[in-house]
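Fit chain B to the known structure of chain A by using the hints.
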Amino acid sequence: FTMAAGGGAGNKTYSFKVVLLGEGCVGKTSLVLRYCENKFNDKHITTLQASFLTKKLNITGKRVNLAIWDTAGQERFHALGPIYYRDSNGAILVYDITDEDSFQKVKNWVKELRKMLGNEICLCIVGNKVDLEKERHVSVEEAEGYAESVGAKHYHTSAKLNKGIEELFLDLCKRMMETAQAEERAKGNGASQSTTSRRGVQIVDDDPQAATAAGGCCSSA
Amino acid sequence: MFRRHNGQMDLRAQWEKLKEFVKTLSLQRQMMENLIIAKARQDALQRKMEERRLRLQEEANRRFAASGTITAEEQEQRILYTNVLEYEQDHDWPKLWKANIKKNPDDATLVSGLVSCLLSCPDHPVMMLLKRLQYRVYNRLYPIVSKSLPASPALPMKPSHSAQSLLMSDSHQNASKSEVGHSMSSDASLNISFSHDHIANEEDGDGPHTLDRENSFEDLEQFLTQLDWAPSHGDPDVTFEQSQLDQEESLVQDLEMRDLKEHLKAIVKDIHIAIDQLLSLCLLSFECLNTASSKDLCVASIEEAFFTPLWSSLLALFRKVHRERELSFESSMRLYRDASPGDVGVASKLYPQDPVVLRGSYPYDSAVQELRLLCRDCCPQRKLECIVRTLRLICACAEDYSCLHEAESKTAAIGADDLLPILSYVALRCELPQLVSECAALEEFIHEGYLIGEEGYCLTSMQSALQYVESLHTGGFQLHNTKFT
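Protein sequences, first through last, are from chains A and B. 1 is the number of the first residue of the first sequence in full-length UniProt numbering; add one for each residue after it. 1 is the number of the first residue of the second sequence in full-length UniProt numbering; add one for each residue after it.
A few of these clues could be false.
Claimed, not checked - Label pairs and their in silico Cβ distance ranges:
#: 1; chain 1: B; residue 1: D259; chain 2: A; residue 2: P82; range: 21 to 31 angstroms
#: 2; chain 1: A; residue 1: L132; chain 2: B; residue 2: D365; range: 36 to 46 angstroms
#: 3; chain 1: B; residue 1: R337; chain 2: A; residue 2: E75; range: 23 to 33 angstroms
#: 4; chain 1: A; residue 1: G188; chain 2: B; residue 2: D365; range: 34 to 44 angstroms
#: 5; chain 1: B; residue 1: A266; chain 2: A; residue 2: K163; range: 51 to 61 angstroms
#: 6; chain 1: A; residue 1: P82; chain 2: B; residue 2: L335; range: 48 to 58 angstroms
#: 7; chain 1: A; residue 1: S149; chain 2: B; residue 2: S366; range: 40 to 50 angstroms
#: 8; chain 1: B; residue 1: L358; chain 2: A; residue 2: S149; range: 49 to 59 angstroms
#: 9; chain 1: B; residue 1: D259; chain 2: A; residue 2: E141; range: 51 to 61 angstroms
#: 10; chain 1: B; residue 1: E33; chain 2: A; residue 2: G188; range: 36 to 46 angstroms
Hints listed in this document are in silico derivations from the structure and should not be mistaken for laboratory results. Just so it is clear, CB atoms sit at the ideal spot from N, CA and C, and this is done for glycine as well.
Bound conformation, chain A alone:
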């Protein structure tokens, strides 16, 4: 009740849900742990460890609460995928640059997410383990080209070297805020209707203007 999923208007706090997808060995756990490590004290993260993490941010004067949902990479847990990523504002799809197969898996998830959630969700495709550049099996051009073709943004990270992670999340947050604001505008001026419906069904907005706005902020210019 106090948490308004999907972000709110004006000076309210935005609450965003981000799902983390990727095969078992691509390093998504280390990635998210790196990000949520508290710089100011070294205390342990949350009680659910790396599965579910929250982070409070302040971006251009706006408060943002991030809820990061890790998902199991194993095929056998995919049957319930949709209930994991329903109501998500963003998705981070991680592959290992040394593992071609993990990149193919990312493509499958993109298809599924677009099918289930439409263009409302901000997609990030992340090539992790750039510290192993020498063993790269997924070319930069291929990955970036693919990302652009599906309206996602591509990032390179190294959880080991703590490279590119802060930027990834900051960028994603800004994009999610833009999407939320565009959505608010499309919903009509000031009429602050609750953005969540009772059963948590994502409201698909087919207003062409909102669609272009979302597409614009999600493509990597």
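Relative to chain A, chain B alone:
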């Protein structure tokens, strides 16, 4: 509660009438006194009432501005609100609490004090509404849930006292394997005491099932224990009215799974509407509760009061609808009774194989014990908390176990890749097929605000693990998935 013979029924009906008459008399006297002694006060209240009524009307107009017409709900709300004002004329405690909270607006204990005070006043309009809405839901559940599957005809309907019903379920417990859920549900019946005063004073007509009011929730409890596990034996002591019995029997027999699901959906919707209605009346009665945190507390308390007596019958309906899934779960459970965590894909560094380390128990024992407690609670919020605690315990155990494996104290925090196999193992070990139905019910009643947070994450993971367990017995999945280590 003693329904044995028609004679006694008549006697009771008369007794109820008499009580009602006496009550009416005393009410009249009270009103006279009010008029004479406190005319001035009443005038002031009257003014206040008018003012507030106007405000309410404005609010209602705003709310229904889109439709432009005065709806039945609006009408109902107005009537309810008038009842609240009338109550406040006769009782001082609402004013005292309001004043107190106004003086100390930041005192959270005052808010919870007020809410529990409200819950303990059965004659307050909010509580009257709560009872009425509960009965409405109960009366819709009763004909479906009290009937067993079409195969076993005419289950006996016996007069029951608390002790008897407890005794009954005790004996069933010994006979059944899955005793936990049922014994828990009979625990709940101890707390239920719907006084007949209340039932008699209810004046609303809820359709054809008003007779069901005569049945206490205990009857249902007794039924529930018989529903799945006990063979039915003919009992001559049937007091349920024959015509109604026939009518409902045919009704239930006609209900196929699809209808059952429709019914479930409708009841779930009713419950959501009921809770919303209760909350709005509550906030209307106590405007001081209309802050984010107080509202949360209010909802939690209302829900607990609302769900507690209803949960076992509600769950029974969910169990009927999800019977196939529960059976799958049970098959997997039997097949994997002695499985090790590794058999369901838990990484070997995340559980100790050394029996000495386990001290005669099995891995993740504490999480299994915690999850078993889920069936004891009767309100969705508490059940959710139980699931969250289970997952936290899993994470704590995993951390301990991985420290055993690696001498280095570097904490290896687990992610979903590790969490889900462990959770599946814990669910298997739990040996409670009704978890499937419990979680399906929780999915319906979890608040949207919690959906994005830790509670939502834990419930989603639980659902995912349960679905995996259900699929295990078909052998569709390869074990020892090599991807995982």
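The hints, checked one at a time:
1. B:D259 / A:P82: 21 to 31 angstroms: holds (26 angstroms)
2. A:L132 / B:D365: 36 to 46 angstroms: holds (40 angstroms)
3. B:R337 / A:E75: 23 to 33 angstroms: About 25 angstroms separates the Cβ atoms of B:R337 and A:E75, which means 23 to 33 angstroms holds.
4. A:G188 / B:D365: 34 to 44 angstroms: violated (55 angstroms)
5. B:A266 / A:K163: 51 to 61 angstroms: With a Cβ separation near 55 angstroms, B:A266 and A:K163 satisfy 51 to 61 angstroms, so the hint holds.
6. A:P82 / B:L335: 48 to 58 angstroms: At roughly 27 angstroms between Cβ atoms, B:L335 and A:P82 fall outside 48 to 58 angstroms, so the hint is violated.
7. A:S149 / B:S366: 40 to 50 angstroms: Between A:S149 and B:S366, where Cβ atoms are some 49 angstroms apart, the hint holds.
8. B:L358 / A:S149: 49 to 59 angstroms: Check passed, 52 angstroms falls within 49 to 59 angstroms.
9. B:D259 / A:E141: 51 to 61 angstroms: holds (57 angstroms)
10. B:E33 / A:G188: 36 to 46 angstroms: At roughly 55 angstroms between Cβ atoms, A:G188 and B:E33 fall outside 36 to 46 angstroms, so the hint is violated.
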